[in-house]
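S.K.: Given next are the chains, with one letter for each unit.
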Amino acid sequence: MAYRLSFAMTALGNLLTTALDFVAILLMFSRVDALGGYGLPEIAFLYATSSTAFGLADLALGNMERLGRRVRDGTLDTLLVRPVPVLAQVAADRFALRRLGRIVQGLAVLGYAVAVLDVDWTAGKVLTVPVMVLSGAGIFCAVFLAGAAFQFLANDAAEVQNAFTYGGTTMLQYPPTVFAREMVRGVTFVLPLAFVNWLPGLYVLGRPYPLDLPRWVAFTPPLVAVACCALAGLAWRAGLRSYRSTGS
Amino acid sequence: MTTADGTGRTGGTGGTGGTGEAGGAGEALIEVDGVEKVFDVRRKTGFLRSERRRVRAVDSLSFTVRRGEMVGYIGPNGAGKSTTIKMLTGILTPSAGRLRVAGIDPSRERTRLARRIGVVFGQRTTLWWDLPLIDSYRLVHRMYRVPDARYAENLDRCVELLGLGGLLDVPVRQLSLGQRMRGDIAAALLHDPEVLYLDEPTIGLDVVSKVKVRGFLRDLNAERGTTVLLTTHDLTDIEQLCRRVMVIDHGRLMYDGPLTGLHEVGESERTLVVDFARELPPVETDAARVVRVEGPRQWLAFPAGRSAAPLVARLAAEYPVVDLSVREPDIEAVIAKMYAGQVVP
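So the protein sequences, as listed, match chains D and C.
Just so you know, the first sequence maps onto residues 4 to 251 in this note's numbering.
Just so you know, the second sequence maps onto residues 780 to 1124 in this note's numbering.
Extracted from the complex, chain D is given alone in its bound form:
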């Protein structure tokens, strides 16, 4: 908190840009009534859950983008000689409270969606909402972490990582019915982003699943998140061991 004014201004700016994100969707719905067969409340629900999950992951590990620079200029050395795991240090370094903006906005849209949705709220559905947001955050964290591990190999991989994180969250804001079948398959079986909000979300909305998946997959996101984080953790450790530092 060394620069207070700068903090206030970036926090406000962040809130505005993420808010515009949703305004774009509202504008779209002023022209059409449905998108891929989904109405505005349903899209808002998908948007909110994806955005909040991503916001939480971004708050914790969004700094991982900087890792590439640290690997390139060798300043990672200084983190490695301290008795605290590098992950915790990178996350804490310039811990960006301004990233709260996205979470605040995500939660606000979620509140709106839940209020206007025409859904029969059973206990299972109510419970699914917080679980999917937290598991989703876990899955995004794994993507951040895997991206960070990749930066040890290819020094300037931050943009590749952004394609999956920022790109992924934007994709998840729309229903799977608007995307090609191969793409949906990719984010279900290869990079399991579909587990962030599509599969559990469609269960809540009472919509049919893409790819004819069984109903119970709506309850697997926590397991998927744990598995992803474990894999990403292994990749991260392998990355650290292959770190080469810089001359002198």
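Simulated from the structure, these hints should not be mistaken for laboratory data.
The model shown is predicted, which means the values in this text are computed figures rather than measured ones.
Virtual Cβ for every residue (Gly too), placed ideally from N, Cα, C.
Be careful, since some hints might not be right.
Sample of chain C residues with no beta-carbon within 12 Å of chain D, all distances over it, derived [said to hold, decoys possible]:
#1 R879
#2 P1060
#3 A1083
Just a few of them, taken from the derived set where beta-carbon distance is under 7 Å, the chain C residues facing chain D [unchecked claim]:
#4 V817
#5 V820
#6 T824
#7 S839
#8 I870
#9 T890
#10 A893
#11 R894
#12 T905
#13 R921
#14 M922
#15 Y923
Position chain C relative to chain D; hints supplied.
M.R.: Quick look at chain C alone, frame taken from chain D:
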């Protein structure tokens, strides 16, 4: 004569033989046995094509440092000094060989080792760039979980001896290089490390700062018994601080022993400067050779390993000697000779 291969192989046990006077010091604290570090270097040879080359930064390196020793680690640029230090801190994982610091394998248990070692990189700071110095120290206090009383005591000591009094509230980015370096050294010592690694601690410092830093390190080693491993390009650092010196080149240990022993290995010569009562023709003796004559003053060179006494006695007996002085060989010249590969075939 000790050759590089000789010291290299026996380094694990015999390498410390040179520091007989430090024999009172404790057990082996740093153990390096047959350690290698190989880097794969990719070079672009065309569009999308690249050529892989293996570079051996450190090659079958073996040595032991005992508790309480202060060792100078020198070598030309790219010799493998920093690579060694980085392996000893756990930053880099060795490609082969065994490495132990305080019984810990650095690359496997890096964070556990971190509590017991202090590291100062001359080229980059471990302090938080935007924070005042004192805030960096508070973070170190928390991060290393230093007991409050111990922290206060160590901080006071460092502030006093390193002259940091007026700097504690200044953000690190506003400190001069010398101030920052002193700040870095203090930060590395707040948690009472058993080993302190210093990678070029006096690089870019002015004379006053250098003297301050050296004095501080000498006291630290003498009073706290902190083991110090120091890489440097400034041989004055070594001369003033280290009894033992290790020379590395092309990743191999070329010499390990007392500083004075370097002279023998380097086949260097000491110089006896003699003032005679009057101008004389160059003196003739087997024990030395005349390298320069200037009026009544003559310069006689003799092997550095040999005593000057017999030579002085003979001169005094046979010539009208007014004054004498012995000049030690230039250590830099000795090491430059070693680097040039004249010593080791």
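S.K.: Which hints, by number, does the structure contradict?
M.R.: Hint check: 4, 5, 6, 7 and 13 fail, others pass.
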